[in-house]
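Protein chains: 2
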Amino acid sequence: MPCSITRPLVIFGDRWTLLILKFAFSGVRRFNAFQSALGISRSRLQDRLDRLIEHEILVKQKAAVGAHEEYRLTQKGHDIYPILMAIRDWGDTYMAPDGPPVRYAHRDCTGEVHAKLECDVCGSAVTARDVTPEPGPGLLGPELDADQSVNQVAT
Amino acid sequence: MPCSITRPLVIFGDRWTLLILKFAFSGVRRFNAFQSALGISRSRLQDRLDRLIEHEILVKQKAAVGAHEEYRLTQKGHDIYPILMAIRDWGDTYMAPDGPPVRYAHRDCTGEVHAKLECDVCGSAVTARDVTPEPGPGLLGPELDADQSVNQVAT
Numbered sequence: 001m002p003c004s005i006t007r008p009l010v011i012f013g014d015r016w017t018l019l020i021l022k023f024a025f026s027g028v029r030r031f032n033a034f035q036s037a038l039g040i041s042r043s044r045l046q047d048r049l050d051r052l053i054e055h056e057i058l059v060k061q062k063a064a065v066g067a068h069e070e071y072r073l074t075q076k077g078h079d080i081y082p083i084l085m086a087i088r089d090w091g092d093t094y095m096a097p098d099g100p101p102v103r104y105a106h107r108d109c110t111g112e113v114h115a116k117l118e119c120d121v122c123g124s125a126v127t128a129r130d131v132t133p134e135p136g137p138g139l140l141g142p143e144l145d146a147d148q149s150v151n152q153v154a155t
Numbered sequence: 001m002p003c004s005i006t007r008p009l010v011i012f013g014d015r016w017t018l019l020i021l022k023f024a025f026s027g028v029r030r031f032n033a034f035q036s037a038l039g040i041s042r043s044r045l046q047d048r049l050d051r052l053i054e055h056e057i058l059v060k061q062k063a064a065v066g067a068h069e070e071y072r073l074t075q076k077g078h079d080i081y082p083i084l085m086a087i088r089d090w091g092d093t094y095m096a097p098d099g100p101p102v103r104y105a106h107r108d109c110t111g112e113v114h115a116k117l118e119c120d121v122c123g124s125a126v127t128a129r130d131v132t133p134e135p136g137p138g139l140l141g142p143e144l145d146a147d148q149s150v151n152q153v154a155t
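For the protein sequence lines, the chains are A and B, in the order given.
Counting with the UniProt record's numbering, you get residues 1 to 155 for the letters of the first sequence.
Counting with the UniProt record's numbering, you get residues 1 to 155 for the letters of the second sequence.
The set of hints was computed from the structure by calculation and includes no laboratory data.
Hints are supplied without guarantee of correctness; some may be wrong.
Same chains, same label: a pair holds when it works inside one copy or across any pair of copies.
Claimed, not checked - Only pairs whose alpha carbons sit at most 30 Å apart, straight line, appear in this in silico DSBU-like list of lysine-lysine: (1) LYS116 - LYS60; (2) LYS76 - LYS116; (3) LYS60 - LYS76; (4) LYS76 - LYS62.
None of the values given here were measured: they were computed from a predicted structure.
So here's chain A without its partners, still in its complex pose (with noise of 0.2 Å):
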């Protein structure tokens, strides 16, 4: 069944890469400087590293000042960051018993900046239980009439 919590987890649930990812958000684009910040070996690093680019997130290139190469997010690795903030608003939540260690400011107000779940319609906030998945057009093949699929839906 498609499902676009499942597909993406081939990238995600892995926690190197959602720690490169993080890395790579705070300016890190040196291979041995990802290595020297997970204490990864440099074969699992490597691995992890071309299986980013493969899926277009990072892309390796020349840097703009001396002859070393870079790992730069794209604009597809960038989209991630909500991702990311949504797992850091859940650890400030439950697993920072001192308090949130870092803030995140927005660069314009200064405000705090947070990934919330929200109706586009009517703009509430949500929460799981507000929630009723449907089938999408995504689901909707020639052969299935819509009553079918909805029988489908498990996501």
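Start from chain A and add chain B according to the hints.
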């Protein structure tokens, strides 16, 4: 260095755990139902369920009807939903060539629900480029002054 992204990855940096949570949100409660939905070995499933119970994300309790036991999300577990929705938004954008397989509708108004990154103060939608990490209360120990700790924020 304390970090509220790194800490939860002990739990979420695992494909099976996130899949278990996805199915828990869709109403799966029984061991055999998880096993059949995931196609996972019994020992691996038990291991992941035990860890989710240990972290108080699931609770194991006798079903209201019948003699069997059920795994239910706690409030701490329910609060994981925005993480799954942020993953789903990214999946819908980048891994759903036929369109979103599932539409997540707001129960009250049938609008669509999305995970959004927002500033608490001005309400603007923000991206990674608009965010400045700063030391938070959980980082500022008694032996660190603010100036020192700024340089230690790498998140």
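Verification of the hints:
1. LYS116 - LYS60: Only across copies: LYS116 and LYS60 sit 29 Å apart there, 32 Å inside one copy, limit 30 Å.
2. LYS76 - LYS116: both (20 Å within a copy, 16 Å between copies)
3. LYS60 - LYS76: within (14 Å within a copy, 39 Å between copies)
4. LYS76 - LYS62: within (20 Å within a copy, 44 Å between copies)
In summary, the structure agrees with every hint in the numbered list given earlier.
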